[in-house]
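**Student:** Go ahead and model the full structure; you've got the sequences and the hints to work with.
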Amino acid sequence: MSALPQSALEQLFLNARTYNEWSDIPVDEHTVRELYDLSKWGPTSGNSCPARFVWVRSSEAKSQLASHASDMNRAKIVAAPLTVIVGYDLAFPETMPKLFPARGEMMRQAFLQPGVTELTAMRNGSLQGAYLIIAARALGLDCGPMSGFDNAGVDRAFFSGTRIKSNFICSLGYGKAGTPFPRNPRLTFEEAGYFI
525 MSALPQSALE
535 QLFLNARTYN
545 EWSDIPVDEH
555 TVRELYDLSK
565 WGPTSGNSCP
575 ARFVWVRSSE
585 AKSQLASHAS
595 DMNRAKIVAA
605 PLTVIVGYDL
615 AFPETMPKLF
625 PARGEMMRQA
635 FLQPGVTELT
645 AMRNGSLQGA
655 YLIIAARALG
665 LDCGPMSGFD
675 NAGVDRAFFS
685 GTRIKSNFIC
695 SLGYGKAGTP
705 FPRNPRLTFE
715 EAGYFI
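The letter at position 147 of the sequence shown is residue 671 when you use our numbering, and the numbering goes up by one with no holes.
Watch out, some of these pointers could steer you wrong.
DSS-like mimics (lysine-lysine), calculated; alpha carbons at most 27 angstroms apart, straight line [claimed, not checked]:
#1 Lys586 x Lys622
#2 Lys564 x Lys622
#3 Lys689 x Lys622
#4 Lys689 x Lys586
Since the hints were made in silico from the structure, they are not lab data.
What you are looking at is a predicted structure, and each value in this text was computed from that prediction instead of being measured.
**Tutor:** Structure (structure tokens):
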């Protein structure tokens, strides 16, 4: 495996920005399916794949989702062509026989241990949400991830009758040029970590 060219690094990280304003270009179903099919290959613990996605694109569903968001996020959700709710399924251990055929029942039992289910689902669902953002950027989409919303309200509205919990939401589309806020600084290597 070789390093990606600089242009790819710029698209995925260096020039990529969080968007709050969107063009009128829709995100079609083919692109959404391609996005999922790309992001699903990111690694998770024991191939557990606990993330679940609700692709919010109708006006009614956008309004419903926006009603659970903070004031500053409501307009972003309504304006975006698509916003995905990234959730994690606490019932994911039941999928282990399919996802890890060699030791599916053993993995199912391991993930059902007290405390393990919740931690594994949240951690690996978050990873899958991050893979989704990178895959979206790789496909030429812009992203507007956010966590300013009422999780319990979203769970009642979109995940009723399931063991799925919302983690974060992310608007997707083609951002309006010139609208992102100036980029904020990041921690240096030394501020964020060290060798031992």
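**Student:** None of the hints should be skipped; say for each whether it holds.
**Tutor:** Hints and how they fare:
Proximity of Lys586 to Lys622 is assessed by CA-CA distance (about 33 angstroms); at most 27 angstroms being required, the pair is judged violated. In summary, the hint linking Lys564 to Lys622 is supported, as the alpha carbons are separated by about 15 angstroms, within the 27 angstroms threshold. For the hint pairing Lys689 with Lys622, the CA-to-CA distance comes to about 22 angstroms; that is within 27 angstroms, so the pair holds. Taken as a hint, the Lys689 and Lys586 pair is honoured in the structure, with Cα atoms around 18 angstroms apart against an allowance of 27 angstroms.
In summary, the structure is inconsistent with hint 1 from the numbered list given earlier, while agreeing with all the others.
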